[in-house]
Amino acid sequence: MFLKLGLLFGGFVGTTLGLPIVGYVLSPLARDRKARAGSWLSLGSVDQFPTGETRLSTYRNPGASAWDGDTANIACWVRRVDDNTFQVFATNCAHLGCPVRWFKQSGLFMCPCHGGAYYADGSRASGPPERGLFEYPHRVDRGTLQISAGEMPTPGPSAEASTDRPPCA
Amino acid sequence: MRVINAVADWFDHRLQLGAPLRETMEHPVPRETASWAYVFGSAALTIFGLQVVTGILLALVYVPSAGEAWNSLQALNHQVTFGWLIRGLHGWGSNFMIAIVLIHMVQVFLFGAYKFPRELTWIVGVLLLIVTLGMAFTGQVLRFDQDAYWGLGIGASIASRVPVAGPWVVDLMLGGPIIAGATLSRFFALHVFLIPGLLIAFVGVHVLLVLKLGVNEWPMPGRVVRRATYIHEYNEITHRDGVPFVPYAVWKDIFFSCAILLAIGACAVVLGPFGPSGPPDPTIIQTAPRPDFFFLWLYALLSLLPPSAETPILLIAPAVAIAALLALPFLAGEGEKSWRRRPIAVLMVLLAAVTLGALTRLGGAAPWSPSMNAWSGVPIPAQYVKGRTALERQGALVFQNKQCHNCHALGGDGGKRGPALDSVAVSLTRDQLIRQVIQGGGNMPAYGRNLNPAETNALVAFLQTLCPGGQAAAQDASRTQLESDARRD
Chain A
1 MFLKLGLLFG
11 GFVGTTLGLP
21 IVGYVLSPLA
31 RDRKARAGSW
41 LSLGSVDQFP
51 TGETRLSTYR
61 NPGASAWDGD
71 TANIACWVRR
81 VDDNTFQVFA
91 TNCAHLGCPV
101 RWFKQSGLFM
111 CPCHGGAYYA
121 DGSRASGPPE
131 RGLFEYPHRV
141 DRGTLQISAG
151 EMPTPGPSAE
161 ASTDRPPCA
Chain B
1 MRVINAVADW
11 FDHRLQLGAP
21 LRETMEHPVP
31 RETASWAYVF
41 GSAALTIFGL
51 QVVTGILLAL
61 VYVPSAGEAW
71 NSLQALNHQV
81 TFGWLIRGLH
91 GWGSNFMIAI
101 VLIHMVQVFL
111 FGAYKFPREL
121 TWIVGVLLLI
131 VTLGMAFTGQ
141 VLRFDQDAYW
151 GLGIGASIAS
161 RVPVAGPWVV
171 DLMLGGPIIA
181 GATLSRFFAL
191 HVFLIPGLLI
201 AFVGVHVLLV
211 LKLGVNEWPM
221 PGRVVRRATY
231 IHEYNEITHR
241 DGVPFVPYAV
251 WKDIFFSCAI
261 LLAIGACAVV
271 LGPFGPSGPP
281 DPTIIQTAPR
291 PDFFFLWLYA
301 LLSLLPPSAE
311 TPILLIAPAV
321 AIAALLALPF
331 LAGEGEKSWR
341 RRPIAVLMVL
351 LAAVTLGALT
361 RLGGAAPWSP
371 SMNAWSGVPI
381 PAQYVKGRTA
391 LERQGALVFQ
401 NKQCHNCHAL
411 GGDGGKRGPA
421 LDSVAVSLTR
431 DQLIRQVIQG
441 GGNMPAYGRN
451 LNPAETNALV
461 AFLQTLCPGG
471 QAAAQDASRT
481 QLESDARRD
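Protein chains in written order, with our numbering: chain A, 1 to 169; chain B, 1 to 489.
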């Protein structure tokens with residue numbers, strides 16, 4: 001009788017303490033993505049991106065902590081097609097996330113890991129990637145190029161369902 | 001001496017561990033098992049001890065913060081007295097541990113030691129292999145450099161492919177939506193607290209089972225394991241022809257463990273610690289991330305699998321492999337133990353070894369990766385431009401400037417992503433060369449948009465000179481026919 005009561009008491013205490021622990025462990029999931037995706041951060045004046053060129057740009061991760069160090073500095077490729085048309089690509093290869101490099105002369109992005117290659121507009125050229133480069137949502141506001149960022153793009157289902165959540169935002 | 005005995009007696013009177021310890025040490029083992037083939041398990045345990053000690057020593061200095069970890073590794077390498085040695089011992093110890101665990105596993109498999117009644121010992125051993133690989137991967141992340149950063153990206157990209165739950169798995173793995181401070185903190189917790197806890201628990205059960213069930217006897221062809229009779233037969237072997245573990249068997253374990261420790265020490269001193277490579281700054285994209293040695297086979301596999309098969313194989317194959325290993329003692333719990341009577345078992349080991357060996361070798365060479373600097377750093381061999389026309393030389397320039405050399409080798413140098421082009425004119429006609437360059441195909445990007453007609457013309461003129469040793473250039477058969485028809489008319 002007392003053993004059963006004791007076990008019941010133990011179960012109650014365990015649940016009371018266990019639920020917050022589960023919440024703590026799952027806390028990386030609970031962040032409000034939409035709030036972050038709605039904010040814009042600047043890559044600087046549009047003038048630093050000449051028309052017809054693709055250049056590396058960097059920004060500070062908007063959700064960075066004070067102890068993130070260099071990992072909060074993120075790079076992206078900015079392609080200026082004409083005066084008002086831009087494309088902003090994640091450096092992460094759409095295959096497994098290695099950093100792709102732009103080769104201006106051949107007009108290709110090449111990945112050093114498994115040999116993926118992309119054309120200047122980010123579309124897949126060859127190799128293991130099953131899709132083109134990930135793009136950031138962007139806009140031009142008062143002469144500055146702004147992007148919505150904060151998430152590492154990955155080739156899983158989340159990146160493909162880009163209608164409600166852009167891959168990099 | 002008398003004082004020591006008195007103190008020992010004082011403790012033993014309270015702990016009462018002396019008699020059971022002595023009994024354990026002197027328990028009889030089959031005579032043939034006092035063999036050099038039976039030393040790998042104890043060696044793995046010894047290396048684990050080394051890893052615990054050197055790991056604690058590293059934790060005295062290492063800072064598990066994304067902003068500081070790399071700097072603290074530099075301090076360990078260059079400022080802290082013998083810091084480089086402790087890092088070297090820990091890094092090489094990790095490689096040796098995986099190697100010894102694999103050898104131990106192969107030995108156990110070939111000796112049929114997983115059969116009745118040692119099924120659970122094998123199962124716990126499989127779990128030990130998994131947590132050992134887990135230690136290796138998390139340890140590679142704690143060496144928080146460029147390879148660690150992009151390795152995490154690869155891990156997250158694989159995790160993201162899990163159906164439905166992918167994005168959540170990624171967030172839980174990284175501690176957020178991006179590789180950052182939270183990521184390193186949780187990998188530190190995994191590497192230092194969680195996985196070692198599991199490792200110690202599993203090692204405890206594993207060793208306990210070995211002691212309870214006895215060391216597997218030397219397998220003899222024809223001596224078949226049957227559940228009904230095995231325990232009786234084993235007891236007979238150990239009692240009729242057994243020797244006490246200490247000292248008859250243990251000295252070989254001690255010798256081999258010491259030799260392995262010496263080898264790890266030699267590697268650490270001569271070859272030094274691993275990295276760190278460049279700082280974990282994702283804005284430095286001039287990097288070609290590579291995994292540590294024991295994950296090179298996976299890196300190769302990820303490159304060689306057809307894209308459509310990649311996700312299912314990545315997600316299903318590990319589960320199938322682990323399930324097969326766990327099911328093994330239930331599928332083959334009885335029967336022959338000797339490898340001489342188990343040809344399929346031997347073939348499976350050989351197949352696994354050849355597969356992993358070949359993939360590891362390929363992963364080291366990475367022929368599928370473009371040679372990112374070949375276009376500016378590797379010249380075209382002189383004989384390929386000597387005595388050529390101005391147009392052909394111009395084509396050689398196009399070949400370099402358009403980064404063709406990054407994927408195609410000439411004279412043995414350059415990328416290996418595409419075929420070497422030293423004899424391309426022997427197999428492709430002018431028209432075929434133009435088509436391949438402009439439209440691409442067969443894993444080659446199309447260059448139509450990035451070459452103007454003059455550049456294409458020059459490039460193809462250069463490629464047409466590449467038929468070595470006086471071999472005939474490829475000819476379009478229909479064109480030859482047309483020309484001969486025209487001459488006849």
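For the record, the hints were derived by calculation from the structure and aren't laboratory data.
Built from N, CA and C at the ideal position, the CB exists for glycine as well.
Check before you lean on any hint, since a few could be wrong.
What the hints assert, rightly or not - Distance ranges between label pairs, derived from CB positions:
(1) 4(A) <-> 168(B): 47 to 55 Å
(2) 208(B) <-> 25(A): 48 to 56 Å
(3) 144(A) <-> 168(B): 33 to 41 Å
(4) 5(A) <-> 316(B): 45 to 53 Å
(5) 266(B) <-> 3(A): 58 to 66 Å
(6) 121(A) <-> 443(B): 37 to 45 Å
(7) 25(A) <-> 13(B): 26 to 34 Å
Hint-by-hint comparison with the structure:
1. 4(A) <-> 168(B): 47 to 55 Å: 38 Å, violated
2. 208(B) <-> 25(A): 48 to 56 Å: 31 Å, violated
3. 144(A) <-> 168(B): 33 to 41 Å: 34 Å, holds
4. 5(A) <-> 316(B): 45 to 53 Å: 47 Å, holds
5. 266(B) <-> 3(A): 58 to 66 Å: At roughly 59 Å between Cβ atoms, residue 3(A) and residue 266(B) fall inside 58 to 66 Å, so the hint holds.
6. 121(A) <-> 443(B): 37 to 45 Å: For residue 121(A) and residue 443(B) the Cβ distance comes to about 20 Å; the hint is violated.
7. 25(A) <-> 13(B): 26 to 34 Å: Because 46 Å falls outside the window, the suggested range is violated.
The structure fails to meet hints 1, 2, 6 and 7 from the earlier list, while all remaining hints are met.
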